[in-house]
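K.L.:
Based on the provided sequences and hints, a complete structural model is requested.
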Amino acid sequence: MNSKTIKEPIRKKWIWIGLVLIVLANVPWYFPEGDIYPLVFGLPYWALIILISSLVLSGYLYWVTLTQWNLVEEEEEQEQREGGTAE
Amino acid sequence: MTDLKFAGLDGVIILIAYAVIMLGIGWLAGRSDKTVNNSLSNYYLAGRNLGFVALFFTLYATQYSGNTIVGYAPSAYRTGLTWLQSISFMTIIIGIYLLFAPRMYVLGKKHNFITPSDWLSHRFKSKRVTILAIFLMLWGLGNYLLEQLVAIGHAVTSLTGGTIPYQVAVVGFILVMLAYEWMGGMRAVAFTDVMQGIVLMVGIVIFLIGAIYLAGGKIGTITESIADVDPGLVGVPDLTTSINWFSMLLLVGFGAAIYPHAVQRIFASKSERTLKKSFARMAWMPPITTGLVLFIGLIGIVVIPGLDTAGSEQLVGLLANEIAGINGFFYWVMIIFFGAIVAAIISTADSVLLSFSSIVSNDLYGKYINPDAPEKKKLMAGKIAGVAVISLLLWIAWNPPGTLYEIFVLKFELLVQVFPAFVLGIYWKKMSAKPVFWGMLLGAVVAGLMTWTGHKTVMGIHGGVIGLALNFLVAVVGSILVPSTEKDDEEVAAPALTRVPTQN
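Respectively, the protein sequence lines represent chains A and B.
For this note's numbering, count along the first sequence from 1 and bump the result up by 5.
For this note's numbering, count along the second sequence from 1 and bump the result up by 52.
Worth flagging that the hints you see were computed from the coordinates, not collected in a lab.
One or more hints might be untrue.
As the list claims (entries may be wrong) - List time: in silico DSBU-like cross-link candidates among lysine-lysine, alpha-carbon distance up to 30 Å:
{"hint": "1", "chain 1": "B", "residue 1": "K329", "chain 2": "B", "residue 2": "K86"}
{"hint": "2", "chain 1": "A", "residue 1": "K12", "chain 2": "B", "residue 2": "K329"}
{"hint": "3", "chain 1": "B", "residue 1": "K482", "chain 2": "A", "residue 2": "K18"}
{"hint": "4", "chain 1": "B", "residue 1": "K162", "chain 2": "A", "residue 2": "K12"}
{"hint": "5", "chain 1": "B", "residue 1": "K482", "chain 2": "A", "residue 2": "K17"}
{"hint": "6", "chain 1": "B", "residue 1": "K428", "chain 2": "A", "residue 2": "K18"}
{"hint": "7", "chain 1": "B", "residue 1": "K481", "chain 2": "A", "residue 2": "K12"}
{"hint": "8", "chain 1": "B", "residue 1": "K322", "chain 2": "B", "residue 2": "K428"}
{"hint": "9", "chain 1": "B", "residue 1": "K486", "chain 2": "B", "residue 2": "K419"}
{"hint": "10", "chain 1": "B", "residue 1": "K322", "chain 2": "B", "residue 2": "K161"}
{"hint": "11", "chain 1": "B", "residue 1": "K86", "chain 2": "B", "residue 2": "K419"}
{"hint": "12", "chain 1": "B", "residue 1": "K508", "chain 2": "B", "residue 2": "K162"}
{"hint": "13", "chain 1": "B", "residue 1": "K179", "chain 2": "B", "residue 2": "K161"}
{"hint": "14", "chain 1": "B", "residue 1": "K486", "chain 2": "B", "residue 2": "K508"}
{"hint": "15", "chain 1": "B", "residue 1": "K162", "chain 2": "B", "residue 2": "K179"}
{"hint": "16", "chain 1": "B", "residue 1": "K482", "chain 2": "A", "residue 2": "K12"}
{"hint": "17", "chain 1": "A", "residue 1": "K18", "chain 2": "B", "residue 2": "K481"}
{"hint": "18", "chain 1": "A", "residue 1": "K17", "chain 2": "B", "residue 2": "K329"}
{"hint": "19", "chain 1": "B", "residue 1": "K486", "chain 2": "B", "residue 2": "K179"}
{"hint": "20", "chain 1": "A", "residue 1": "K12", "chain 2": "B", "residue 2": "K508"}
{"hint": "21", "chain 1": "B", "residue 1": "K177", "chain 2": "B", "residue 2": "K482"}
{"hint": "22", "chain 1": "B", "residue 1": "K322", "chain 2": "A", "residue 2": "K17"}
{"hint": "23", "chain 1": "B", "residue 1": "K177", "chain 2": "B", "residue 2": "K322"}
{"hint": "24", "chain 1": "B", "residue 1": "K508", "chain 2": "A", "residue 2": "K18"}
{"hint": "25", "chain 1": "B", "residue 1": "K481", "chain 2": "B", "residue 2": "K179"}
{"hint": "26", "chain 1": "B", "residue 1": "K162", "chain 2": "B", "residue 2": "K86"}
{"hint": "27", "chain 1": "B", "residue 1": "K161", "chain 2": "A", "residue 2": "K17"}
{"hint": "28", "chain 1": "B", "residue 1": "K179", "chain 2": "A", "residue 2": "K17"}
{"hint": "29", "chain 1": "A", "residue 1": "K18", "chain 2": "B", "residue 2": "K329"}
{"hint": "30", "chain 1": "B", "residue 1": "K177", "chain 2": "B", "residue 2": "K508"}
{"hint": "31", "chain 1": "A", "residue 1": "K18", "chain 2": "B", "residue 2": "K162"}
{"hint": "32", "chain 1": "B", "residue 1": "K419", "chain 2": "B", "residue 2": "K429"}
{"hint": "33", "chain 1": "B", "residue 1": "K161", "chain 2": "A", "residue 2": "K12"}
{"hint": "34", "chain 1": "B", "residue 1": "K482", "chain 2": "B", "residue 2": "K86"}
{"hint": "35", "chain 1": "B", "residue 1": "K322", "chain 2": "B", "residue 2": "K86"}
{"hint": "36", "chain 1": "A", "residue 1": "K17", "chain 2": "B", "residue 2": "K481"}
{"hint": "37", "chain 1": "B", "residue 1": "K482", "chain 2": "B", "residue 2": "K161"}
{"hint": "38", "chain 1": "B", "residue 1": "K481", "chain 2": "B", "residue 2": "K161"}
P.N.:
Below is the structure:
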């Protein structure tokens, strides 16, 4: 029952700033139109950067979801321990 | 989809096997909970007790449909590397969930919400806000369902080489779907989703392996090979395309997260931890689902070049024919794969139908028509409405209206208009019903008219996104000018939680 462990993503601005930055990197508006070369690992360099930023997006959301969200988890688990089986 | 040379009786056998498995799972799900047909939350939300495996796969199999393969591979074929957006627009949905799901989970448990409109009527206490939202949600769900019905018919017909005609295929699978849904409700839907989700995942991987095999040595030099066909497919897209990409992220992100069946999966979770774990895993699914399908589409450009738009729609069937011809192993794998496509479509359709029924049961019938009815009766009203809407949609699918067809394409565009009310309403105490209603209505009308008149996008921005921006503007400015005077809304700023999260 420690209030310091309560976390809600909406209350943390940096999460959303981070998300917007990753999304900005995920759309190829900042490359010169029509560019293909050089190829890296057989892919146009720009596509590789977009692909990497997509993976960064997945990893970021994975991490945020698991570590920055904690509203009632402890309470539920305590109830579960006390009540024997869940609900 | 093109008829498959390889299919026929073997395809029929596989489909029957899928149908029997689904019915079996539905029967077991219904048997495991004898009270399933007595309570709305038992039937529509699996007793709010879905564990990690079921919740994860039902999120997955619902979000990814047969269209993810059959429709997205041709998109990759036509737009090339620009279709990389399909990875991020499916991923961003999880980011949008993070805006509201943590709080909505707690609220849902506390107030026993069954549908998203339960929250809206709790928050705004306005009949017209609730009714408009119900209308938008039913419309969006109905169209989504229509799309799935048409897709089931095409997939089955091509899998069985026409042995099972389109109409029979659709009716047959709808009966299977209705049967297991009636027996076990959300529990049946989620448990069949486990099977359907696994088959879809494995199917995509094996299809990709077949496609790579077909392409032979061309994989290492795929970019050059595509550049030979059309350099535009591998070059950096123009600015309008990039704007459209941003717009797509917004439309799909906001739209898919606010789908009623998506919100109901938040309510159905057994615990916060289960929900978190499921969402976190879902964040990794786009690279290995839409990402692999993108790759399949790109291989298609090299293996079967020169298809026009209509021809490219047949891409998955064409590739499957070639892959099935490699050897006996791939022959059977392709048949199972096409069964997987059918399974994926059904796993989306069943969730949409269940959600549709729940809105009728709980919102229309339960709130306005016969609020005092016992839950069993409300449940029956929703089930019957489900059968009625399926029948109506079948009729529309077989007699497509010539001129108004665009109306039946609207789904995200309309659904997404519920977002400002639904999410801002959680956190902003001053938000009031009147501007919320007008914002929602204006957004829906703008989005609807733009699509209807053929202006689906302006400068690459979707009508749904423009409508959503207007919607936000009206709802926010209106609420600042005429703030909510509700006295008893202490819940909004500091809701539901027994402890109030005031700091990081």
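K.L.:
I'd like to know which numbered hints this structure contradicts. Please list them from smallest to largest.
P.N.:
Numbers 6, 12, 20, 24, 28, 30 and 34 - these are the hints that the structure violates, sorted from lowest upward.
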